[in-house]
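> What follows is the residue order along each chain.
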Amino acid sequence: MSATKLKSVDVVVVGSGVVGSIMSMELASAGMNVVCLERGKQFDASTDFHKPNVYDELKFDRHSDIFQNLARDTITFRNNDAQTALPMREMGAFKPGEMVGGTAAHWGGNARRFLPHDFEMYSRIKERYGKSFIPEDCNLQDWGVTWDEIEPYYDQFEEIFGVGGKAGNLDGEIQPGGNPHEGPRSREYPNPPTRRTHEGSLFAEAATSLGYVPFQGPTAAMTQDYRNLYRVQMLECARGGFCSSHVCAQGAKANPGSAVLPALARQPTFELRPLCNVLRVNTDSTGKKATGVTYIDARGNEVEQPADIVILGAYCFSNTRLLLLSGIGTPYDPRTGKGVVGRNYAYQQGGSVQVFFDDREFNPFIGGGQVNTSIDEFNGDVIDRGPLGFIGGAYINTATSGATPIKGKRVPAGTPRWGGEWKKAVAHYYRRNMSISIHASCLSYRHNYLDLDPTYKDAYGLPLLRMTFDWNDNDLRMMKYLNERCTEIGRALNGSKLGGTNKGTHFGITGYQSTHNVGGAVMGSDPSTSVVNKYLQSWDVSNLFVVGGSAFPQNPANGPTETIGMLACWAADAIKENYVRNPGSLV
Amino acid sequence: MTLSDNPIGASYLYLLEPEIRFLEAAVEHLIPTDELGPGARDAGVVVYIDRQLAGTWGVHGRQYRGGPWLEGTPQQGYQSRFTPQEVYRIAIREIDQHCKAAFDRPFAQLAGDGQLALLEQLEKDEIALPSLSSKFFFDMLWRNTEEGYFADPLYGGNRDKVGWKLLGFPGVPSGQYRELLTSSEPYHAEPVSVLDIQTGKVPVDAEGFPKHVVTKPNSNKES
Chain A
671 MSATKLKSVD VVVVGSGVVG SIMSMELASA GMNVVCLERG KQFDASTDFH KPNVYDELKF
731 DRHSDIFQNL ARDTITFRNN DAQTALPMRE MGAFKPGEMV GGTAAHWGGN ARRFLPHDFE
791 MYSRIKERYG KSFIPEDCNL QDWGVTWDEI EPYYDQFEEI FGVGGKAGNL DGEIQPGGNP
851 HEGPRSREYP NPPTRRTHEG SLFAEAATSL GYVPFQGPTA AMTQDYRNLY RVQMLECARG
911 GFCSSHVCAQ GAKANPGSAV LPALARQPTF ELRPLCNVLR VNTDSTGKKA TGVTYIDARG
971 NEVEQPADIV ILGAYCFSNT RLLLLSGIGT PYDPRTGKGV VGRNYAYQQG GSVQVFFDDR
1031 EFNPFIGGGQ VNTSIDEFNG DVIDRGPLGF IGGAYINTAT SGATPIKGKR VPAGTPRWGG
1091 EWKKAVAHYY RRNMSISIHA SCLSYRHNYL DLDPTYKDAY GLPLLRMTFD WNDNDLRMMK
1151 YLNERCTEIG RALNGSKLGG TNKGTHFGIT GYQSTHNVGG AVMGSDPSTS VVNKYLQSWD
1211 VSNLFVVGGS AFPQNPANGP TETIGMLACW AADAIKENYV RNPGSLV
Chain B
2 MTLSDNPIGA SYLYLLEPEI RFLEAAVEHL IPTDELGPGA RDAGVVVYID RQLAGTWGVH
62 GRQYRGGPWL EGTPQQGYQS RFTPQEVYRI AIREIDQHCK AAFDRPFAQL AGDGQLALLE
122 QLEKDEIALP SLSSKFFFDM LWRNTEEGYF ADPLYGGNRD KVGWKLLGFP GVPSGQYREL
182 LTSSEPYHAE PVSVLDIQTG KVPVDAEGFP KHVVTKPNSN KES
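Chains A and B supply the protein sequences, listed in that same order.
Going by our numbering, the final residue of the first sequence carries number 1257, and the count climbs one at a time with no gaps.
Going by our numbering, the final residue of the second sequence carries number 224, and the count climbs one at a time with no gaps.
With the rest of the complex left out, here is chain B (with noise of 0.2 Å):
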């Protein structure tokens, strides 16, 4: 993906260069563009990221942050004194210099393999941040990779609405669900997201609702 690719408009409001170059090739593990179609990568999950840390979530804006700060059990959850922001500006700069120094090239320069085999040193916290877990970073980028591929596009990633449709998912529900609820025959429909309705790329009904094209089962698999 170039920037100019980028249809939510070709700018990142809090992502470095090579915080989105790290990003573009970690995500991609996380979620590979195979024969089903589509990765994260070309989903725009980079996007998404940027977005949410940009946004209210990014800096912990409804989140509990006074101190003191301490560590903590598993059950006790988030404890870490970063927002979000700063645990992916911390993090993907330690990343970097552990690669330079063990394979002297960063993250997104190493070959797939070498990728593949420190993103699972990460999650198993087998690599040692100066400032914070491996692991929590880890968790955090899986958690808005799952987030970015799956939610509507109007956040700037699930492009195509690709999430949904390898789900066979369609989105806004239409105003048949009443009857259907009962059906033992799977339902398929082109997805519609809110992004189309706003946009209108989809009109609605009376009710709100948006008019299905029903579709056959397997054309959802094709992208």
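In isolation and in its complexed conformation, chain A is listed as follows (with noise of 0.2 Å):
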């Protein structure tokens, strides 16, 4: 069959979530004329999220029509190369997105900017512990930016989403009731922080008493009724609960859907194609240019879009991706570590400790919306990790998500799984226990990798990608230490019981832990360990990005959302003030 060729248009963007939208508005904006590609379905926030169908946690949790369709598209996973990867048959430790809006339509709205230290890690760990300290195996490295220059890209992204907080460090000026140890902010947050629940003043109060210093982590869920900076109105969170993993029948949750995409509707340069699904990038004889993308269209057409530009902001599994199936960039080999395209793919530790009370009862439910009161003392490189042993890092928080009744229910360590006791455990203890919980760094390793997969294939006859990963001895050294700080932390809280979570010495894809899959397409300023440059370009192909979680060398703590906004933020500057006068290499 051969493709219909349609006219060229300035830029072709693939995926409409967090990157997508933001970098269509940015360039339509400028006068290009842009057209988005989305392989999900377009949605109507007042009919298809409304009140008070949104209030389902099984229709939206366990069974939702906006997650990816694994029967069409998944990936394989093994542990490690002597297994044979096989496929993610359904939705287990994350769940990438499938709708106009992308993952972040149903994120939990967690706005944490990484600190300075994350951007530079292999510089700074280098120069603090020297060389050796770094795991042998692990493929430790800088983002080729500085805080400094992309701290203006976090503003502006925060001015989008909306994001509440309170600044700890202004300038370099610490501020009371923030967060002492975040990178320098050259303002306040555009709105106020959270309200502390009880379960948070309980925390603060111990963490506290322990040397720490609590604050109120920042959240894109609306803390008053917002304009933004695309002038998008968004109302105050009702702290109704069903947040991750549902859209927000209430618009309060900053996302592509509610703070970008109508604004960007209005933008006459502008065309969105949803159920589109792009097989490939296009490159010309030279394989230096991109000539666009081809995609399959909603009626199963096979379409070739030209383009000047061509901007991947998909998932970073999609990013990843599409570039093996374009033949863009040297894939990585694992045995010879040379090859870059799906070099350093990494995910996100977590792990928590519960406290059980008999003598106080909580309202787990009212909640959402990121209400958290955390501290930072374990992120980054602020204790000195010379005597710990272990690199990396972690937030540390109470959350008030609001607990929903099939998963949200949490019980002490040696109640049996179902039955009586069971019963009369849930019973007792679903509004009595609060929970401790980790958010922590996973870095890459030389054998933690992305590339496709021999045996399965899509729907449309392509290769699955294949993710080989697991964890490693430095981050179960951390996880190890984390648990310990959170025990103590739970015991000054004098409950009745403690519990915790053992997720065990192996990764697996079942049981959700996070949507926080990086790497695969990483940047740097070292064509032989990146895939694009300090401004998301590929350096294969220079009218080619490739921008989102993809691009991430490690996955430092603080949740991924965040940056990648920024990162749009910033390689959408990058494209409309240098590049389109000079198009070509940006470094």
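No lab work stands behind these hints: they were computed from the structure.
We put the beta carbon where it would ideally sit given N, CA and C, even for glycine.
Where hints are given, some of them may not hold.
DEER-style ranges, computed between Cβ atoms [to be verified]: (1) A/G842 x B/G62: 47 to 57 Å; (2) A/V1257 x B/I91: 53 to 63 Å; (3) A/E875 x B/F104: 55 to 65 Å; (4) A/N1172 x B/S134: 17 to 27 Å; (5) A/S871 x B/L117: 39 to 49 Å; (6) B/I91 x A/S871: 50 to 60 Å; (7) B/V214 x A/E875: 29 to 39 Å; (8) A/T717 x B/E180: 25 to 35 Å; (9) B/V60 x A/D841: 39 to 49 Å; (10) B/I91 x A/N1172: 25 to 35 Å; (11) A/F803 x B/L117: 49 to 59 Å; (12) A/P846 x B/G56: 51 to 61 Å; (13) B/T74 x A/R857: 48 to 58 Å; (14) B/R179 x A/G1059: 37 to 47 Å.
Dock chain to chain to rebuild the complex, using the hints, since each chain is given by itself in its own frame.
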């Protein structure tokens, strides 16, 4: 079948999530003709995500039709090269999205910046502890950007997503009430911080008694009615729970659908095409210039969309897979350590300690919108890692995210899994526990990577992406240390019992953990260890930009979405201000 | 429970009579009736399972179904060639065959102690079924039982919101939660379901939130 070839446009953007929507908005509002291709469905927020139907845990958390349709496309997974990778047949550890608005349509609103340390982790760790302190098989590397370069773009993203919080560091001056360990901010958050819950107050008291500095972690669920940088209005969060996994019925959770697409739809030079599944980026005979993309449209026709600039703004997995399917960049080979596409895949570490009470009762169903009280003493490189013997870190918090009845019940260790004793325990403890959670970094290692599966295919007959990944000793030592610290905080809360998670030493794709998959097309200053340069521009194909979680060389603690949004603002600016005037390599 | 007790409609879409009897007995051990309230059987969990099996999930409509089919490691998750519909049909038949061979009667006709012991064996994968792992079936049954007992009554389980009353979960949030966010006072209300609102049993305000009827803490425990 020969593809229908359409008229050329200035920019074709793959994906309509955080990256696709923001970059489309920035470039279309600068007058460029932009076509955005989205594999998922269009939606109407007033009917698709209305009250009361959004308050349905089974539908949105277990059987969601806004998550990736695995019947059409999934990944394969194995822990190591000695195993045969098998398809992820049902959604488990993570839930990539599939609709206009992308994965962020159902995110939890965790809007933390990374720390300055995170962008120069390799250099700073080497300088402070010596190179031998870095695990031998760890592909630790810098991002090629510094804090001062990217801080204005964090600021821009926060003005778009209406982030609420309290500054802890304004231009180097430590501010009471904020996070004293954050990077210097050029100004306050656009919205005030969340108010502190009962659980948050107890956590803050215990943390303070142990010498830590508690603060309200930032959120992208509106803490007041807010009109953003794009003149889009979002309403204050109603704290009704049903937040992560769900699209907000209140429109209070900033996401592409609530914060960007309403403004983008008004841009005369913008066109959104939903239900279009991109198969590859096309290049010319030199292989050095992208000519556009080929996709299957909603009616099943193969279509070629020529463009002067191609932006891959899809999920980590899709960005990496499209590069591999298009033959752009050298695929990573774990045996030689050579090649870059698929290299430095990383995930996110997490764990928690639960405190159970017999004399306190909470309202765990009130919350959501990332209401949380946090400490950052264990993040980045705040505490000397020398005596601890690991690198990486975590924020620790108590969040009231809205405990839903199927998955939000916690019981003390030793409770039977089912039966009468279990029933008594859930009845007693559903409202009588709080959790101290660890949200931790995950470094990149030589043997953790993405490539194309040799056996399993998607609905178009193309190879699935294969993930080879397991936890590593450094990261497990870190988690053990962090669990001990959380247990100390837990003891200071004087509950009647403690509980915790023990997920074992091998990563498994069952049971939700987080949707924070990163790497595979990482940014950097060396083409032998990165796919894109500091402006997210392909080293091989200068009119191709690959933007998203795929660009993270390793995964810091703080959750990727805020930084993905920042990178979208940063890359869009590089295109508008520099690339358009002088096409070619920006470095 | 008899079929005529079923407020959703006295019919099953997928399950067969022996399967209904098997499941009514099994789920009642997983979440038993006790002084805290009804168990899974009276909460309509079997109706819930039937509706799920007859729907998109029952045929793994959004799950990857391509072969080859290899066993895999526990870390690799669901690798069965069977859909949930097939898992229930095959496993229940094979467990009943096991019970008939060992005890001369199907699972549903064993004494309570015998049923309980058999469920524990299934969970530990101690019963060798011809076509699939008994633990694999048990884990699916427990997952669906928990879902059916605590999901919105829309789906046929959690009848009379017994699962939510057990927890003290008020269901669909009220518009007052903003003000209650920082409160240290326990908030208890009669639970409101999506079904209640869809069927007009509970009205909503201009914002679309239901008005909660606030109750005293312990009134939630009766049912």
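> If you test the structure against every hint from before, which numbers come out violated?
9
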